[in-house]
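Participant: Protein chains in written order, with the working numbering: chain A, 1 to 230; chain B, 231 to 460; chain C, 461 to 820; chain D, 821 to 1180; chain E, 1181 to 1414.
None of these hints come from the bench; they were simulated from the model. All the given hints hold, so there is nothing to weed out.
With a cut-off of at most 30 Å between alpha-carbon atoms, the simulated DSS-like pairs for lysine-lysine come out as follows:
{"no.": "1", "chain 1": "D", "residue 1": "K988", "chain 2": "C", "residue 2": "K628"}
{"no.": "2", "chain 1": "C", "residue 1": "K628", "chain 2": "B", "residue 2": "K351"}
{"no.": "3", "chain 1": "A", "residue 1": "K121", "chain 2": "C", "residue 2": "K628"}
{"no.": "4", "chain 1": "A", "residue 1": "K45", "chain 2": "A", "residue 2": "K121"}
{"no.": "5", "chain 1": "B", "residue 1": "K275", "chain 2": "B", "residue 2": "K351"}
{"no.": "6", "chain 1": "D", "residue 1": "K988", "chain 2": "A", "residue 2": "K121"}
{"no.": "7", "chain 1": "B", "residue 1": "K351", "chain 2": "A", "residue 2": "K121"}
{"no.": "8", "chain 1": "D", "residue 1": "K988", "chain 2": "B", "residue 2": "K351"}
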Amino acid sequence: MDWLGAEEWQAVALSLRVSLWATAASLPLGLFTAYALARWEFPGKQIVNGLVHLPLILPPVVTGYLLLLTFGPQGPAGRLLAEVGVVFGFRWTGAALAAAVMAFPLMVRAMRLSIEAVDPKLEAAGATLGASPPWVFATVTLPLVAPGVLAGAVLAFAKAMGEFGATITFVSNIPGETRTIPSAIYAFLQVPGGEGAALRLVAVSVAVAMGALLLSEWLARRVARRVGGA
Amino acid sequence: MDWLGAEEWQAVALSLRVSLWATAASLPLGLFTAYALARWEFPGKQIVNGLVHLPLILPPVVTGYLLLLTFGPQGPAGRLLAEVGVVFGFRWTGAALAAAVMAFPLMVRAMRLSIEAVDPKLEAAGATLGASPPWVFATVTLPLVAPGVLAGAVLAFAKAMGEFGATITFVSNIPGETRTIPSAIYAFLQVPGGEGAALRLVAVSVAVAMGALLLSEWLARRVARRVGGA
Amino acid sequence: MTLEVRLRHGFGGFTLDAGFEAPPGVTVLFGRSGSGKTTIVNAVAGLLRPEAGRIALGGRVLVDTERGVWRPPHRRRLGTIFQEGRLFPHLTVRQNLRYGAWFAPRGARREDMGRVVEMLGIGPLLDRRPGALSGGEKQRVAIGRALLSAPAAILADEPLAALDAARKAEILPYFERLRDEVAVPILYVSHAASEVARLATTVVALEAGRVVATGTAAEVLGDPGVKPLGPREAGAVLETRIAAHHADGLTELDAGGAALFLPRLAQEAGAAVRVRVAAHDVILAREAPRGLSALNVLPGTVREVRAGEGPGALVALDTDAGRLLARVTRRSVAALALAPGVAVHAIVKTVSVAPGDVGG
Amino acid sequence: MTLEVRLRHGFGGFTLDAGFEAPPGVTVLFGRSGSGKTTIVNAVAGLLRPEAGRIALGGRVLVDTERGVWRPPHRRRLGTIFQEGRLFPHLTVRQNLRYGAWFAPRGARREDMGRVVEMLGIGPLLDRRPGALSGGEKQRVAIGRALLSAPAAILADEPLAALDAARKAEILPYFERLRDEVAVPILYVSHAASEVARLATTVVALEAGRVVATGTAAEVLGDPGVKPLGPREAGAVLETRIAAHHADGLTELDAGGAALFLPRLAQEAGAAVRVRVAAHDVILAREAPRGLSALNVLPGTVREVRAGEGPGALVALDTDAGRLLARVTRRSVAALALAPGVAVHAIVKTVSVAPGDVGG
Amino acid sequence: AKAERLTVFAAASLTDAMAAVEAGFEAATGHEVAVSLAGSSALARQIEAGAPADVFISANPGWMDELEAAGRLAPGTRVDLLRNALVLIAHGPGAAPVEIGPELDLAARLGAGRLAMALVEAVPAGIYGKAALERLGLWEDVAPRVAQADNVRAALALVATGAAPYGIVYATDARAEDDVTAIGTFPAETHPPILYPAAAIAGAEGPAAAFLDYLAGPEARAAFEAEGFAVVAD
Ligand SMILES: Nc1ncnc2c1ncn2[C@@H]1O[C@H](COP(=O)(O)OP(=O)(O)OP(=O)(O)O)[C@@H](O)[C@H]1O
Ligand SMILES: Nc1ncnc2c1ncn2[C@@H]1O[C@H](COP(=O)(O)OP(=O)(O)OP(=O)(O)O)[C@@H](O)[C@H]1O
Ligand SMILES: [Mg+2]
Ligand SMILES: [Mg+2]
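Just chain A, with the same shape it has in the complex (with noise of 0.2 Å):
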């Protein structure tokens, strides 16, 4: 297609890319985070609850920076995770990292609330049945929490194809490698006229996110006519 130039469609593909990776990455912590906050008590949990919002307070530019400070190529863990060959700075997967990390309040919080609607009296039975807390998890929780998983997964996919400020603070805007449709987006809009072209990447950007979130209602509503009944 040609009303969008090589570069965009690049940028396209980096931002599907970026995304994926950012919720898939990032769902099975993100589960695991969400149980953890509905069904546990534990020393400082309400510290972790809140570590987990810090990217929704934060303007994304300082968590951009915070990500820069910590997991840039001079940054502790940038250095740390650079010696076993992973690389944040200025690569794609920063980029992912970036959308993950800001995408990550609104992932837990569906999931734990839908945790939280999981009645515990299932869960007894599965294990008068034999199953294991892991295997009670895996059989009774997750199926039923399904919906909740499926909206979490949607929301952070959303939200990292639309991340902006903490990636571009954290990765830049290098072409092919950070350049998302987000960013592209931006430096349109930075010059007079260039409305255009931002345009085309928006529509772009929305359809994507859109079919995303119809496949999401889409599974939910199979979903839920099974365990509704029939």
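Based on the hints, put chains B, C, D and E with the ligands in the right spot on chain A.
Facilitator: Using the frame of chain A, we list chains B, C, D and E with the ligands on its own:
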């Protein structure tokens, strides 16, 4: 306290006002939207759902720009509302509007998940006892979704406290009128040596949002204890 | 006020196609698990929109699919006791009980809360929340909640199944009182023949979604062809009147001239009493028995002998007190040469008239 | 394998303080609504951590608060049937039934799924999800799920309460078979005396959280002092042996030399059979009755006459078949001059031995 | 004159200087000044959308042109107010100065590291920096190593934290940051002049003109120079 100047305190007060209004004013609409999405089937449901999520998907700058085009002094909605004395452009009300719009998807999703978890059989029981649908909602559904409403409200509040991109794009950064904490932080970060002041504002912002978070957790726990028994 | 029900509704493998009239009093829906009892209750309560049908309560049409009438549940005012309780978890027991009263129309007849609470034995639970109640406690609160909502009719789906015999015996009279004094129609789902016999004005027997028998308790319970009843549930119902209360704690009933003795009943002398005599509680004798602990011996004539599938047979006999049923073995039929026209004596133990089977 | 239970636990106004031993076989927990039955089941299943107590199953300590032992529920392998079903809504009926088998230890004795499904009559439901099952259907699936989990013991909390009489009669023998063939201990909560009499090896009667009687079914059911039973539930239990099956569909039992006739039983000749004879189903006569439809007449001697609160009295008599209880009116006690030592005949109608009251 | 309220839209990079100018102007005239600080593009769009701004100071002449073309400026009030310089910075204090010219071995110095700049197609500092590198014939070599930040301050932060070893920023930004050293200034002829134009907005009343005058006066000049800007003499 003298570690923050008068202008900074002004920003803190303004942020509080903006965030509280954004949360409070969007609560009824959020609840209604969440209920409609959770329980009703209507044509265009997925369009409404998509619109609700839009601010999450769009880069904040774009959302801000769209708000400016719509609700700004020259925008169609802006002009219409100005006729009846409601002005959003470059006022703190506009900052609240931007924050509310940005926080809306988070609020709706949390409430919707809670509403979906309410057993419709309890609502049916209420109806057989003579309660009309609005009464069933007020006396059965609403108390049961209170934790989700709280979660939605606190997410929205936290998001509103951190919202920057859409706000500064829509209503600029006018001291005392639209300079919220994040905007003030931005200004500090644009000049050499502003980091200290920025950090102090971050601390205040985090403290306020964490306080709200803890309060909501405590309230939700009380509600849960009551529903659980004893 | 009569409740008229005519319904057709299909779920995958199951089709309900039932019609019946529930005249004032208690109509008991009787049928095996999965026969469609709850489905009917839901349709009457307004929680299920039937594919086709008409439901009317004393002229007030609740549903008429042909004419497109649909009255929503909150405008039906049917106090519904659900099989699964459905208490509001966020309200205390007291608030649950009061819930219906908030919405009751002004001037509606109201039950006295204290009385209901006492009858149900839930006084100590009033300030608790339903989450931590026992199964039976929940069900008692659910009964109370429906009774206190000033309903125009009551739908009760196995309200007593979770309760012990003693508690059942305490609550049943209350339904009787509702039936008799308040005259709200009651649609009552039950598996227990004793509840049926005691309460039912009308019995509707369901099988696989279809009505297989309707009639008075006497007609349906006395019909050995009604399958859901099982062999233990056949029995005749006698209409009697209280003749006297005796000093030794017995009440003498006048059953069409014949005397029947029962443990003391609460009603006044002269009151009409319905007594169910289970077929398996009747012993037949060719000669008048002597020196027997059983006080009730009714002479009569065999009218019909119907052999069952097993070793048993059902003997219908006409006595002064009315038609009686006796379940005996085929061996006894042969030994006593029981046949239509034979004169026999029916022996009924005083106490074998179950307390649940006597109703006013 | 014996289940030893000793528990103390308080909830606000309610305190459970109970101890009993459940030897192999069925131990029935019997008590009024709110007396603590479910609380005990939960503690044994591992869903409630008691404040103090010790629970052991055949030497395997499940809980010992003093020694700090706590075995989590999934390592107890107690097939639990909950009062409220608790089916997994996201699984089909078939998957619910198979759930426990996934986690059963290799080599555990497994019930045959087909057999259980047939017995419970849930074949047509296998591919459905629990959401739309009727109340009784849900409970039947819950029973099947627990039975198919290859449990080391079974905890059943009112498993049959939601079921009709015919369905109950189909399922009860299965519990008997489990008790006898598989020798898993079964802790069974029930309100129904017929279930108790038929199944119980041991009966534990609870009142307000305390054990008020324990013993064999015969001991507890024959004790008129046990309140939860109510007057209708007294009865003696006779140990008999099948003497012969007759062509007319009757089975002759040998009860300590005396003959008893019952509708055909399934067991082989020679098999031991326990029969409950409810006290209200026994008629006493001074003279040997003649020409009576009742086939079972047992001569005996009055041992004790205990007057009840009402017009009734309980007469204990010794017969060749064993101790029998008869509930008669005080008027009859006077008329027949019943007193210890008096010779009487006990008349038991064949069919008045309820099907639920005969067990192998 | 009666005290009036004046709203000034100024590029965010002028934050500190504007604070001083605002205080001075208020003290001198008694008027009340509110300064809204944001990116030039955002401010320009807001003015186009009817923002109640009286004076606009842009860091980007392009946006001022845009407003001028749209007729949003009060005619004849536009002035080029400030000038800035572009410097090459290195991470850490006390880095050795270099000679900026065609023979600068920038690509070799970068190695695997990044050169932090503002968006080279969108943000003025990036546009000027790219122009300068192109002019010097260095762009081809360093282009793949450029990390573009959304604004100059973010580019500076990348160098200050060591995430990038070198960067190109305005001289004013490099001055006060201890963790970077300006190791060379790009010759002014290598890039278009870096100008901060100021103008009154069409329809602005009252003290807008007075404020523009004040900006050109000695107190304002001192404030700007204190922050490292050069004031364009007219
Ligand atoms: N979590 C709890 N908190 C407070 N009280 C409780 C809790 N669980 C049970 N109880 C109370 O303890 C008592 C015993 O309850 P339990 O469920 O064991 O009764 P039950 O014998 O099973 O009764 P039912 O036959 O009605 O099911 C009841 O009065 C109940 O209200
Ligand atoms: N929503 C549904 N979808 C599919 N089948 C249903 C649905 N609701 C009920 N059924 C089926 O319809 C039949 C009748 O159900 P219903 O609940 O009316 O039975 P019931 O007579 O109340 O039984 P029980 O005594 O066990 O409560 C059952 O076989 C049930 O599985
Ligand atoms: Mg039902
Ligand atoms: Mg219980």
